[in-house]
Amino acid sequence: MLENKRVGFDYAILEEIEAGLELHGFEVKSLRKGLGSLKGARVGVRGGEAYLIGASIPPWQHANAPKSYDPERARRLLLNQKEIAHVASAEGEKGLTIVPLKVYNKGRHLKLLLGIARGKKKEDKRQSIRAREEKRRIERTLKTK
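In case it helps, my numbering puts the sequence shown at residues 1 to 145.
These are calculated hints, taken from the structure and not from any lab test.
Just so you know, not all the hints are guaranteed correct.
What the hints assert, rightly or not - DSSO-like, lysine-lysine: derived pairs with alpha carbons at most 27 Å apart:
(1) K29 to K102
(2) K106 to K29
(3) K5 to K135
(4) K39 to K67
(5) K120 to K39
(6) K122 to K135
(7) K39 to K125
(8) K111 to K39
(9) K125 to K94
(10) K33 to K102
(11) K67 to K106
(12) K102 to K122
(13) K121 to K5
(14) K102 to K135
(15) K145 to K5
(16) K39 to K94
(17) K33 to K106
(18) K39 to K5
(19) K33 to K82
(20) K39 to K121
(21) K120 to K5
(22) K94 to K120
Claimed, not checked - So the derived label-pair ranges between C-beta atoms look like this:
(23) E16 to P71: 23 to 31 Å
(24) E22 to G92: 49 to 57 Å
(25) K145 to G8: 28 to 36 Å
(26) R73 to I138: 21 to 29 Å
(27) G40 to H62: 17 to 25 Å
(28) G107 to I138: 33 to 41 Å
(29) K5 to E83: 18 to 26 Å
(30) D10 to G107: 26 to 34 Å
Since the model is a prediction, treat every value here as computed from it, not as a measurement.
Every residue gets a Cβ at the ideal spot worked out from N, C-alpha and C, and that includes glycine.
Assemble the whole structure, with the sequences as input and the hints as a guide.
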């Protein structure tokens, strides 16, 4: 469905959490069609509830969407109290952030995979690039043999 590909390069994922999303009907149709973007999105906890902030989900059909519809509105995440407390404590910890990794179907429901992540330093990013290039080189040599 939707994937935030840049997250794996910018962050080291420490833990993953699955959450439900509270969406309008036309947003669900839009996500099932693969429209939308998680680029620059994050998760925040306000008033004992977790929200997806900064994700852009356009309406499936612009003609049927309400005039006041905001594609980047904050969407509530469906988590139990223990999970919300865990996410809030991770958000409060220095150096950690909660980022959306991907949106996918699970049965007939849409789920959001969250990652508790620590930002990578420049050296770590270079190391990731080196490892990826090495893996590609090995695959190329194995393919030609």
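Checked hints:
no.: 1; hint: K29 to K102; result: holds, 16 Å
no.: 2; hint: K106 to K29; result: holds, 15 Å
no.: 3; hint: K5 to K135; result: holds, 18 Å
no.: 4; hint: K39 to K67; result: holds, 24 Å
no.: 5; hint: K120 to K39; result: holds, 17 Å
no.: 6; hint: K122 to K135; result: holds, 20 Å
no.: 7; hint: K39 to K125; result: holds, 18 Å
no.: 8; hint: K111 to K39; result: holds, 17 Å
no.: 9; hint: K125 to K94; result: holds, 20 Å
no.: 10; hint: K33 to K102; result: holds, 14 Å
no.: 11; hint: K67 to K106; result: violated, 31 Å
no.: 12; hint: K102 to K122; result: holds, 24 Å
no.: 13; hint: K121 to K5; result: holds, 18 Å
no.: 14; hint: K102 to K135; result: holds, 24 Å
no.: 15; hint: K145 to K5; result: violated, 31 Å
no.: 16; hint: K39 to K94; result: holds, 22 Å
no.: 17; hint: K33 to K106; result: holds, 15 Å
no.: 18; hint: K39 to K5; result: holds, 8 Å
no.: 19; hint: K33 to K82; result: violated, 32 Å
no.: 20; hint: K39 to K121; result: holds, 19 Å
no.: 21; hint: K120 to K5; result: holds, 15 Å
no.: 22; hint: K94 to K120; result: holds, 14 Å
no.: 23; hint: E16 to P71: 23 to 31 Å; result: holds, 26 Å
no.: 24; hint: E22 to G92: 49 to 57 Å; result: violated, 23 Å
no.: 25; hint: K145 to G8: 28 to 36 Å; result: holds, 29 Å
no.: 26; hint: R73 to I138: 21 to 29 Å; result: violated, 45 Å
no.: 27; hint: G40 to H62: 17 to 25 Å; result: holds, 22 Å
no.: 28; hint: G107 to I138: 33 to 41 Å; result: holds, 38 Å
no.: 29; hint: K5 to E83: 18 to 26 Å; result: holds, 25 Å
no.: 30; hint: D10 to G107: 26 to 34 Å; result: holds, 31 Å
The earlier numbered hints that this structure contradicts are 11, 15, 19, 24, 26.
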